[in-house]
Amino acid sequence: MSALSQAICRPCSSRFAASFLHQSQPLTRSFSTSLSRKEQKAAQPQTPATDSIELGAPVTYISESHDPWFNLSYEDWLMRNTPHNQPVLFLYRNFPCVVIGRNQNPWKESTPHKLREAGIPLVRRRSGGGTVFHDMGNTNFSIILPRLLFTRSHGAELVSRAIREQLAIKECTVNERNDVIIRDGQKEYKMISGSAYKIIQHRAYHHGTMLISSSLTELGKSLKSNSPNMQTKSILSHRSPVTTLNHYNPSSTPIHHDDFVHAVTSEFSKVYSDPTHSKKMETNEVNSDWIKEPKVWKGVEELKSWEWQYGQTPEFSNELEGKLSFGDLSTSLTARHALITSITFHLTPSLHESTEETSQKQAFLDSLALSLVGHRYESLDGAEGALGHEWEDEKWREMGNEVIGWLRRVM
Amino acid sequence: MISLRLARPASSILRTALAPQARTKAMSFSGVRFISTRYTTDHEWVSFDSNSNIGTVGITDYAQKALGDVVFVELPGQGAEVAQGDSIGAVESVKAASDIYAPVSGVIEEINETLADQPGLLNKASEGNGWLAKIKLSDPSEFEALLNAEAYKAHCEGQ
Chain S
1 MSALSQAICR PCSSRFAASF LHQSQPLTRS FSTSLSRKEQ KAAQPQTPAT DSIELGAPVT
61 YISESHDPWF NLSYEDWLMR NTPHNQPVLF LYRNFPCVVI GRNQNPWKES TPHKLREAGI
121 PLVRRRSGGG TVFHDMGNTN FSIILPRLLF TRSHGAELVS RAIREQLAIK ECTVNERNDV
181 IIRDGQKEYK MISGSAYKII QHRAYHHGTM LISSSLTELG KSLKSNSPNM QTKSILSHRS
241 PVTTLNHYNP SSTPIHHDDF VHAVTSEFSK VYSDPTHSKK METNEVNSDW IKEPKVWKGV
301 EELKSWEWQY GQTPEFSNEL EGKLSFGDLS TSLTARHALI TSITFHLTPS LHESTEETSQ
361 KQAFLDSLAL SLVGHRYESL DGAEGALGHE WEDEKWREMG NEVIGWLRRV M
Chain L
1 MISLRLARPA SSILRTALAP QARTKAMSFS GVRFISTRYT TDHEWVSFDS NSNIGTVGIT
61 DYAQKALGDV VFVELPGQGA EVAQGDSIGA VESVKAASDI YAPVSGVIEE INETLADQPG
121 LLNKASEGNG WLAKIKLSDP SEFEALLNAE AYKAHCEGQ
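Protein chains in written order, with full-length UniProt numbering: chain S, 1 to 411; chain L, 1 to 159.
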């Protein structure tokens, strides 16, 4: 890996080195006393393989890119291409985006068209779990280890220890769901971090968010669904009250990304570096401009594809109701891979309408419904209205456009 | 596929896993019908019917215990061609997405549709009704090279 990592990342830039040096005066004192071999082993994941696995020297990668697709793809690439026994820490921040879990429904977790209007991308990650909001006030950590050392608690414990010991937030701890939380008083707690895991043949990662100074208003706004009637087989997010690290920061100087990066990096080094056996931690800065590895960019394309972002959605159904110019319309539909598999319209006509008129409109709607099967949910790309000679008249075309336009707004 | 390890060796599981082997020499009307079960180091099982050339694939009880409560099972499409070792789907349990690998090469004949509504079957009956897919083997010798029950048991204990 070392040759490879040098090819793609250059060692920590002077800017980072400077920030480490700058902070290390007050902060290093607590960790300069390195752990004994025994303490170190105890801080590593405890599985039946702990004693038999010989770990390599740890490596930290710090991304300078804020592109969520690049960072997620690079994380996946690190998991698949670093040596199986090498502990890897990856730290990154993304510009504002909503990140949903692998098996979630984007319409149930948020309102995709509202996010598009707000310029907030919706990203589906490869790990499990629920939806999180990212912005530049949130730093993501990812701890990649040999699969046989995977535990759900290790990463959360490491990060919460870093926050307690190096950022002096004593209220920071881990709950039974292995989330890093702030315990406020005896019973109350608030989430500052969401976590999820990905496990492959020889490797596994625990990644999580850390709300340092995120906009909780934006977070709340972005995670609202507009589809109350949607029934889905997808994983539903566990909604929890949230707070930020800075809200509990005892110091008068606010905590920044670099402080958190420093705290987690040094805790990681404390647990995995072994200078006596020349296993010193190496730190690399990652800049997307220097990454030429085709697999990373192929991963970016995959993450951005409609097939992954929406088509990966587990089966769902939805019911929609609306007042349209020609009457009240109710719709029920089912979708698989976010493609409509069945849809029906039911028209409640206006009071003064003749039965004949109503049944003709209903016949048109039945025909329109049939034409929508197979189209993408919400975007209804390529939907052209009801097929057949009898519906070629301008009146029907307009009615069809009205229904399709309405569906695109409410789906 | 499964990473987690259990504190206890999977001996009780293996006793049940051995049961299909007892059927190995059951005669069927069209001739000698061999159904035997083999395992991978990724904690998957394949029960192969030499008559139909179809292997039923699932995860072992050991794997199921390591995963914890399964909440979602993602399977490949029917008719998909898979090569041994390919990732063919994923299982989600307690916020973890774990890859499933094809233990043998071939074509997906059938997937277990019940898992879409009852992912928990993977926990309840991972080596029975919780099977994942049926694969028509393109190279039955791949099956012969997998671990027998005894070797798989040794693998679990050695991990």
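Keep in mind the hints are simulated off the structure, nothing from the lab.
Check each hint, because a few of them may be wrong.
To be verified - Derived lysine-lysine pairs resembling DSS-like cross-links, with alpha carbons at most 30 angstroms apart:
| hint | chain 1 | residue 1 | chain 2 | residue 2 |
| --- | --- | --- | --- | --- |
| 1 | L | K65 | L | K134 |
| 2 | L | K65 | S | K224 |
| 3 | L | K134 | S | K233 |
These are the hints, each one checked on the structure:
Only pairs whose Cα atoms come within 30 angstroms are accepted, and K65 of chain L paired with K134 of chain L is accepted, the gap being roughly 22 angstroms. Straight-line distance between C-alpha atoms of K65 of chain L and K224 of chain S comes to about 35 angstroms, which puts the hinted pair past the 30 angstroms bound. For the given pair, K134 of chain L sits about 23 angstroms from K233 of chain S by alpha-carbon distance, which is consistent with the 30 angstroms threshold.
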